[in-house]
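**Q** In my numbering, the protein residues as written are 15 to 203.
Don't read these hints as lab results, they were simulated from the structure. Each hint should be verified, as a subset may be incorrect.
Said to hold, decoys possible - The calculated label-pair distances, taken between Cβ atoms and stated as ranges, are:
#1 VAL182 x VAL30: 24 to 30 Å
#2 VAL182 x LEU117: 16 to 22 Å
#3 LEU91 x GLY45: 28 to 34 Å
#4 ALA102 x TYR57: 48 to 54 Å
Ideal placement from N, C-alpha and C gives every residue a C-beta, glycine not left out.
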Amino acid sequence: MTGHMGARTRRPARTVAGFLAALLPVAVAVGLYVFGRTHTPDYTSGLFGQHGGVYELKARLGSALMGLAVVQLLLGLWMYRRLPGAGAAPHRVHPTHRLIGLLAFLLSLPISYHCITAYGVEFTSSRGAVHSITGCVLYGAFVAKVLVVHSRRLPGWALPAAGGALVVAIALLWYTAALWFFTGSAPGF
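With these hints in hand, go ahead and build the complete structure from the sequences.
**A** Okay, structure coming up:
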């Protein structure tokens, strides 16, 4: 009888943890969106200034971020034995995954700071709108991933979902900015 009651008391805690784990990432994404829409963009205030090479610099940094995201995805798949033919991941893969995640987060900050201060959240083109919204979602996904990693109360699917959302957001940002810049399809931003 005690075990049955214990299961009942854990379920609400899991629901509350899940609700809070969903609420904070949404609040971060919405907060960035609101700031980006209400902030007056200033093309000279961005971290990289207004010099001619700003688009190329951002495209190269964004490509490095995309590369780190791919490595993170592969390491995550290896850690959870979802990488075909790789076998069990050695213990050093776990701290490597954390370190590369931290590097990816730190690399994303100057790019994002420049984008939100110099351009804000804009809807003048469909590419710009997708890029802007995805940039806001990216940091919500970062928060979600950190919360999920540190929670024992969330369902097992939450970690791959948060990690997958993060990789997809980075890939979409890369596609809508760096790839467009390198292929000459549209001016980078």
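**Q** Hint by hint, note whether the structure agrees.
**A** Results for each hint:
no., hint, result
1, VAL182 x VAL30: 24 to 30 Å, "holds, 27 Å"
2, VAL182 x LEU117: 16 to 22 Å, "holds, 19 Å"
3, LEU91 x GLY45: 28 to 34 Å, "holds, 31 Å"
4, ALA102 x TYR57: 48 to 54 Å, "holds, 50 Å"
The earlier numbered hints are all upheld by this structure, with none contradicted.
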